[in-house]
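Number of protein chains: 2
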Amino acid sequence: MAFGKLIESIVKTNNPTVVGLDPRLELLPEFIKQAAYEEYGQTPEGAAEAVLRWGMGLIDALWDIVPAIKPQSAFYEQFGWAGIRALEQTVAYARKRGLYVIMDAKRGDIGSTMSAYAAAVLGEVQIGQSAYEPIGADALTVSGYLGSDCIDALLPLCDSRDRGVFVLVKTSNPSSGELQDRLLEGSPVYAAMGAMCEQWGSRTVHCYGYSAVGAVVGATYPRQLAELRKAMPTTFFLVPGYGAQGGTAADVAAAFDQRGLGAVVNSSRGIIAAYKRLGYPEQEYAAAARQAALDMQSDLLSHLPAITL
Amino acid sequence: MAFGKLIESIVKTNNPTVVGLDPRLELLPEFIKQAAYEEYGQTPEGAAEAVLRWGMGLIDALWDIVPAIKPQSAFYEQFGWAGIRALEQTVAYARKRGLYVIMDAKRGDIGSTMSAYAAAVLGEVQIGQSAYEPIGADALTVSGYLGSDCIDALLPLCDSRDRGVFVLVKTSNPSSGELQDRLLEGSPVYAAMGAMCEQWGSRTVHCYGYSAVGAVVGATYPRQLAELRKAMPTTFFLVPGYGAQGGTAADVAAAFDQRGLGAVVNSSRGIIAAYKRLGYPEQEYAAAARQAALDMQSDLLSHLPAITL
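Protein chains in written order, with our numbering: chain A, 1 to 309; chain B, 1 to 309.
Quick caveat, the hints were computed from the structure, so don't treat them as lab data.
Stretch by stretch, here's where chain A covers chain B in the computed footprint (C-beta under 8 Å, at least three residues):
#, stretch
1, 20-27
2, 68-80
3, 102-110
4, 133-144
5, 170-181
6, 185-196
Backbone N, C-alpha and C fix where the C-beta goes; we use that ideal spot for every residue, glycine too.
Kindly generate the complete structure, drawing on both the sequences and the hints.
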């Protein structure tokens, strides 16, 4: 329950890394795009086919050494319905390979609308007498600006279908402080959002010490990361901002507990576009991603306590 | 530019109403669902086909008396790629009929990710030598929790493609105050978000006195609505919460300026499911929606200054 499946995969792979799948066309190898365009044209269907093949190649190269992937919904949505079909197929393929799937879609709405998002990404939809699982991800990133009316719609699925959510608390981007760092009666907005996560999480089943309501806390603000880790002892963290955005392994160490657990660190470009940085031929983009993931694992492990349950 | 097209349509129809398209299956007439299921099965494709036909029927009944529709993305996303295809077709049909389309998707991300959302909903995507418009809506609802890094990715499209955004400021739901009403150095979070909207808007072309950065402010909090109208003189408001959620025409009057402009009021269930409330046979769901929209128009106009440019 809660993040149990993710935590067990982190222990099994000895790797607290999540690979962000951001299929920007400019990051995809030319040979994949050309083959798909020849078959389907320079169309959304062609782009979506390229994105699907690219993602499957990455999954084949990574499934045994990382616990999770994080598809970024925006980069699939940009190809319309064909992009969403590729997203559905990518998630299904990743889950078949045993990967934990965190859908990075930052949804946030209320009541029955939020229930529809929850059903779309994490649950099932009833159509007449039949039930369908549209995407079937394990976890979803969520904006908490609307308050409990948003989160309440997600909690039933967390317990009944073994799903998790990650609420935006302190994000990794430069302007995150414009609202998040401002003081609410003496403590920052991000701390208030963090306290809400702890409270929402207390209403879910816990597993290995963590609730089903996680938090997004950026690697680029290590002081706040350490402060939030202390203030949110039962909240699992999704940590973006490592690598390309400037966060280091030393920075993210503060996100973890004494068992080397409590967080999963995201890298997107640093892994999926490693062939460009490491000088691999583009046909070996997946092998380059595997090497980059192994390098990141070593880097993280050298700054963490040994990972144990 | 900015919300000029919307404002001109409001003046032309003499109606500051936006109709929320929330295709929950339980609100759709049985005859539409049965016909689609017979053709496509009780499948996402069948449900999406029903949703498309239903929406086209509503658009046919409403296009000459309301200025805008607001599709709720969640209810389309729940049918996976088939739902997104129905959404694309619904938006295209509405625009062909001259309706202004506000995509209610509450997106919020940063940098190139937000640019991908912007391209998906409001812009174009480049695929090889070809450009595609995935959804082609006129405006998008947005969460501002991440700060300027989110909005900055949208502003170029506002000016270059004549689009608008509505940032969540004070939402209509019961728990909106959990974060939004808390005091930041003496004034509430929603006021700080409102001030950010005014500032972001100042960087866009204005039209009829309003910038391209609008705000979502709920009808269910009339005191805050009046306070924000005063504090945000150049920000156009999208006002949810009228009708089913409890907001009245007297409540929403505070959202308007002396020309009867400055806001558009949403009603979803009250219009799209009027056939249930008003006792029409379900075959006449669209006629019932038209009647409900006319009733809402009368109700709003009786509380507003005469609408003039």
